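So the sequences go chain by chain: A and B.
Under our numbering, the first residue of the first sequence carries the number -9, and numbering increases by one thereafter.
Under our numbering, the first residue of the second sequence carries the number 65, and numbering increases by one thereafter.
These aren't lab readings, by the way, just hints derived from the structure by calculation.
Every value quoted in this text rests on a predicted model; they were computed, and no experiment measured them.
In silico DSS-like links for lysine-lysine, alpha-carbon gap of 30 Å or less:
1) K47/A / K183/B
2) K247/A / K216/A
3) K54/A / K133/A
4) K15/A / K89/B
5) K54/A / K188/B
6) K89/B / K0/A
7) K47/A / K89/B
8) K137/A / K5/A
9) K217/A / K196/A
Simulated coverage check for chain B against chain A, where a stretch passes if three residues somewhere in it have a Cβ under 8 Å from a Cβ of chain A:
10) 81 to 95
11) 196 to 209
Facing chain B, according to a computed beta carbon distance under 10 Å, are these residues of chain A, among others:
12) K(-8)
13) S25
14) T29
15) L40
Glycine included, each C-beta is placed from N, C-alpha and C at the ideal position.
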Amino acid sequence: MKPAPFAYKKTRTLKEAIALLGKHKDARLLAGGQSLIATLNMRLSAPDLLIDINGIKGLDGIIKKGSSIEIGALARHTQVERSELIARHAPLIALAMPHIGHAAIRNRGTFGGSIAFADPAAELPACLLALDGEIEITGPKGKRKVKAEKFFKGLFETALGPRDVLTAIRVPAATKDTRVGFAELARRHGDYAIVGLAASARANGKGLSDVRLAYFGVGNTPVRVKKAEAALASGDVDGAVKALDLDPHDDVQATAKVKKHLAGVLLRRVAAQLMEARS
Amino acid sequence: MSDRALDISLMVNGERVQERVDPRKTLVDFLREDLSLTGSHVGCEHGVCGACTVRVDGEIVRGCLMLAVQCDGAAVETIEGLSDSGEVADLQAAFEQRNALQCGFCTPGMIAAAQDLLKRAKAKKSVPSREEIREHISGNYCRCTGYHAIVDAVEAVAQQRAEGGK
Chain A
-9 MKPAPFAYKK TRTLKEAIAL LGKHKDARLL AGGQSLIATL NMRLSAPDLL IDINGIKGLD
51 GIIKKGSSIE IGALARHTQV ERSELIARHA PLIALAMPHI GHAAIRNRGT FGGSIAFADP
111 AAELPACLLA LDGEIEITGP KGKRKVKAEK FFKGLFETAL GPRDVLTAIR VPAATKDTRV
171 GFAELARRHG DYAIVGLAAS ARANGKGLSD VRLAYFGVGN TPVRVKKAEA ALASGDVDGA
231 VKALDLDPHD DVQATAKVKK HLAGVLLRRV AAQLMEARS
Chain B
65 MSDRALDISL MVNGERVQER VDPRKTLVDF LREDLSLTGS HVGCEHGVCG ACTVRVDGEI
125 VRGCLMLAVQ CDGAAVETIE GLSDSGEVAD LQAAFEQRNA LQCGFCTPGM IAAAQDLLKR
185 AKAKKSVPSR EEIREHISGN YCRCTGYHAI VDAVEAVAQQ RAEGGK
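In isolation and in its complexed conformation, chain A is listed as follows (with noise of 0.2 Å):
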């Protein structure tokens, strides 16, 4: 038995959570627990309680609302990844969906929990920086809404505050006009990246306009390269690889030299498949 004892307590409602969270000082929030369980048994962490909230009923629903698509934050990985909705109306998500973890993985883990932990090296951060989506917070003083831009702040460090539970992600419904990318390049599949690009765009007659491209695994957070982006709307990808403001650390997978330069070999890969017409 490797974590430290804590106490556990299954919730029902998200009134009930959010109360738990603010009695106990020192409690967590187990959703899928793929990151949080393993940081417990490294003992990386040692909260007094954690609170379950796999039983609060509404929280895992995959909705179009209008013109966007909405995700329950406990929607697990692999009900996004089966999802006709998300594939018809989210494909930057369906892409990036195979890359998380493993399928064992995928089964137990959330959204939600991803984009809570945010691992500056996780896909699905990067896929809502790209998409300008935004995330749903509810609070002791109820429901707030943050766009990716502004929710993750630092390294593991978000918008969300002690007594805060994540509660949906919005991302707008894909037009025709959509175009989307994504790459990674991890040393097995389904491990976090070494680096990894989602980028969406418009197609604007044969070129692109509002590319939006989201790097991971270069940073303390998802990173967009805005002159790059420029680069590649006017049709440039040369020009895109050399605008490409990176500043990656070195990391135990590769040194910051590797990265930038793998970084440039997906800003390529990524740029042809915004290029190709949507089938």
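Chain A is fixed; fit chain B onto it per the hints.
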């Protein structure tokens, strides 16, 4: 056991189990230590190696990344259950014939992961390619034989089942 212990009731390999567990006990530790089902192995304990793969409510999960208390009311199947029911007999035979195991540490998890893929492929009436097999077992480490023999064994069973209609 701490005063934080909780009572759980679940099905394990078709049998009702009622136990009192410490919340910090992972599912795989519970299966091995409390129920003496030692077929599920404990490798990395952080979700990387796949040696602890078991089925919970029909879907494969990491036994080290789920707590036993979370399995209250669930149906858990381990390699012992899969083996006794005969569900994976052909996979086990193919692993043996093709020398797809040496020390055997990864084998229970490998079989559980492979069976998950084959079951799903069967439902879709498709036969997984070698590429798909590799991708599906990418979450299971083998440190002895490597993966070729394992992929061979899984591929052979996938074809047998497609032909035999099993």
